[in-house]
Amino acid sequence: MTPLKIALTKGRTEEQVIPLLEASGINCEGVKNKKRRLIFDEDPRYEIILVKGPDVLTYLNNGSVQIGIVGSDILDEQQNSQYAMLDLSVGKCRFVLASTSSFNPQQPRRKIIATKYPNITKRYFQGIGEDVEIIKIEGSVELSPLIGLADAIVDIVETGNTLRENNLHVYAKLQPVNTKLVVNRLALRQFQPQIRELITNLQQADADYAKSNLIKG
Amino acid sequence: MTNKNLPNGTRDELGTQAETKEAIENRLFKGFRRRGFRKLTTPVLEYSDVFKPLNADNYRPYQLLDEQGEPLVLRPDLTLPVARVMSTTGVDLPVKWYYGGDVFRVKKRLSGSYNQLTQAGIEIVGYKGIKTDWECLVVALAGCQEMGIQDLTIELSHAKFVDVVIQTLDLPQPTKDSLKAALYAKDLNKYNSLCSPLANTAYSKFLAEWPWLFGDFDKAMRLVKTMPEIAELHQIIDDLTATKAFINQQFPDYKVALDLSIPSPQTYYTGMAFRGFTDKSADYLFSGGRYDDLLTNFQKVHVSAVGVAFDVDSLVERTVVQSEKPVTLIYFNQDQWQLAEAKLRELKNATLCLADNLAAAQRLATSTGSQLIDLTKSR
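Sequence lines, in order, name chains A and B. One point on numbering: in this note's numbering, the residue at position 171 of the first sequence is 171, and numbering is uninterrupted. One point on numbering: in this note's numbering, the residue at position 266 of the second sequence is 1266, and numbering is uninterrupted.
To be clear, the hints were calculated from the coordinates, so they are not data collected in a lab. Backbone N, C-alpha and C define an ideal beta-carbon position, used for all residues, glycine too. Check before you lean on any hint, since a few could be wrong.
[Stated by the list, open to error] As a list, the in silico DSS-like pairs of lysine-lysine whose alpha-carbon atoms are at most 25 Å apart:
no.	chain 1	residue 1	chain 2	residue 2
1	A	Lys-173	A	Lys-136
2	B	Lys-1225	B	Lys-1255
3	A	Lys-92	A	Lys-111
4	B	Lys-1348	A	Lys-136
5	B	Lys-1107	A	Lys-136
6	A	Lys-116	A	Lys-32
7	B	Lys-1348	B	Lys-1021
8	B	Lys-1255	A	Lys-52
9	B	Lys-1190	A	Lys-211
10	B	Lys-1190	A	Lys-92
11	A	Lys-122	B	Lys-1107
12	A	Lys-122	B	Lys-1108
13	A	Lys-173	B	Lys-1219
14	A	Lys-35	A	Lys-52
15	B	Lys-1021	A	Lys-116
16	B	Lys-1108	A	Lys-116
17	B	Lys-1348	A	Lys-10
18	B	Lys-1107	A	Lys-52
19	A	Lys-111	A	Lys-52
[As the list claims (entries may be wrong)] According to the in silico footprint, chain A covers these stretches of chain B (three or more CB under 8 Å from chain A):
no.	segment
20	1017-1031
21	1179-1188
22	1359-1371
Generate the whole structure from the sequences, applying the supplied hints.
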């Protein structure tokens, strides 16, 4: 049987998702001891590749992989057209509008917003009927209101620690972010039984994880 | 010239690749003509209004302005131009058209996707009954047979199925809309939570499986029958079942699958829709269906129409490209043209060598691994 190819976002998503994949009965030994490898086929049913988040959809859209595991922030920003079939309980955070305490959201002028996510930012402000100037920043977005590049930022917040340490405040909560399992539309038809088995097992593993987290919490 | 690069999402096709595409198009066209279809060629440029009914997300067109400032597009689709022709020229119905050509859709930059795609297809306008759907299917499947495609799956669906079922559910309208959106996106978490109020009803078994209602035809139909009877579904189910039996009889080697969980391909689709794929294809090889509302964008009269289009690029991709055989070079003197022509006609894979002297001809033959026939020796 042809193995299912899964593109997994490397880094934090990878670390959070591996226990779920293992609980679903997938051998992830290779990914856990990866060294410099990028393709893992320890489990004969799957071929897992590690890629950067924004590349997951590129592989998926071209049909190079059948499954992607990636944050909803990236799916929303890239306007995903594949099937985002499953929400996983890991990697939960939220988009916020944040700035220094001197920021006045009601001030009647065209604000400058710095963000890594220009499309999400544009859609949010369009939704509230406001036109803003967006500056795309690749990292450390928190800096921009502090040094006067922008009036405020739209960014992802998990615990809020980075914002607090930089004296930034949340002015609005935007959409939540979580990790999703995405399936190529045609591959779902070509690999239906295999994908359904993976999804059913992951649903169970995720429910168990959510329950144990609830008990711990 | 400073910019010698190709625009994003375009490509050149050289030698074998271009020839394979041409051969595939010609075989398809020959098949269309053999069944009495007439050719319809429409321009690459159209007014953007023609394509208003298309779902803008997947069909983002290249836009430009005509000399009076009217917005033009490079056509992103070949079906709507047919509708434009039908509504503006008074062609007598019924009519069977075939067409071929390139469509242009702007995809994400630098993503490896191509923006210029080649299609070949047919449109039958003015026949009402299911025989029209079947004629389109026969054209599609005979085309695949002609290409030597063996592992084909034909997926049947229906533009109205989801709406009919959703309307019968005892849910408030906003929940129905959200449920439909979650079903189409296969967002299982959202779908399951929206369905939860109907957990202990006669629909529960069906609803639990609905996002997975594709693939095996009989299994999907058995699940549909677990629902309370819905009168409006009778015709849909009868048409799908009869079509499956028809394909099984006419093309017993091809698999027929069903998908009752997907949206209508475009808003103007009104009946059965169908797509074909193989286990290895990265894209659908053909897609089509019934769109009796196709012409309503252009005129008030309701006209039946069914069509199907092949994705020629996908067909080229799955065709095994033969390694190029070296050609035989025919070297000759200027005054031996007739003799050279005679030799060219006699040999299968030969070309005239236009080198100025024998040494140059020999060098060319050596570098390309070709056989050299020297006609100058025979004088």
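Checked hints:
1. For the given pair, Lys-173/A sits about 20 Å from Lys-136/A by alpha-carbon distance, which is consistent with the 25 Å threshold.
2. Pair hint Lys-1225/B plus Lys-1255/B holds up; C-alpha atoms about 22 Å apart against a cutoff of 25 Å.
3. About 29 Å separates the Cα atoms of Lys-92/A and Lys-111/A, which puts this hinted pair outside 25 Å; it is violated.
4. Distance check on the hinted pair: Lys-1348/B and Lys-136/A sit about 60 Å apart at the alpha-carbon level, beyond 25 Å; violated.
5. Between Lys-1107/B and Lys-136/A the alpha-carbon distance is near 21 Å, which keeps this suggested pair within the 25 Å criterion.
6. Taken as a hint, the Lys-116/A and Lys-32/A pair is broken in the structure, with Cα atoms around 29 Å apart against an allowance of 25 Å.
7. Straight-line distance between C-alpha atoms of Lys-1348/B and Lys-1021/B comes to about 21 Å, which keeps the hinted pair within the 25 Å bound.
8. A distance of roughly 38 Å separates the Cα atoms of Lys-1255/B and Lys-52/A; the hinted pair therefore is violated under the 25 Å criterion.
9. For a cut-off of 25 Å, the pair hint linking Lys-1190/B to Lys-211/A stands: about 19 Å separates their Cα positions.
10. For a cut-off of 25 Å, the pair hint linking Lys-1190/B to Lys-92/A stands: about 16 Å separates their Cα positions.
11. Proximity of Lys-122/A to Lys-1107/B is assessed by CA-CA distance (about 20 Å); at most 25 Å being required, the pair is judged to hold.
12. For the hint linking Lys-122/A to Lys-1108/B, the alpha-carbon distance of about 18 Å falls within 25 Å, and the restraint holds.
13. For the suggested pair Lys-173/A and Lys-1219/B, the alpha carbons sit about 45 Å apart, so the restraint of at most 25 Å is broken.
14. Our distance criterion of 25 Å between C-alpha atoms is met by Lys-35/A and Lys-52/A, whose separation comes to about 17 Å.
15. Taking the CA atoms of Lys-1021/B and Lys-116/A, the gap is near 42 Å; set against the 25 Å cutoff, the hint is violated.
16. About 18 Å separates the Cα atoms of Lys-1108/B and Lys-116/A, which keeps this hinted pair within 25 Å; it holds.
17. At most 25 Å may separate the alpha-carbon atoms for a hinted pair to count; Lys-1348/B and Lys-10/A exceed this at roughly 55 Å.
18. Restraint check for Lys-1107/B and Lys-52/A: the C-alpha separation of about 21 Å stays at or below 25 Å, so the hint holds.
19. Between Lys-111/A and Lys-52/A the alpha-carbon distance is near 31 Å, which puts this suggested pair outside the 25 Å criterion.
20. Check on the segment 1017-1031 of chain B: 0 of its residues sit with their Cβ under 8 Å from a Cβ of chain A, so the three-residue criterion for coverage is violated.
21. Counting residues of the segment 1179-1188 of chain B whose beta carbon lies closer than 8 Å to any beta carbon of chain A gives 4, which meets the minimum of three for the stated coverage.
22. Counting residues of the segment 1359-1371 of chain B whose C-beta lies closer than 8 Å to any C-beta of chain A gives 0; at least three are required, and the coverage claim is violated.
When the structure is compared with the earlier hints, violations turn up for hints 3, 4, 6, 8, 13, 15, 17, 19, 20, 22 and for no others.
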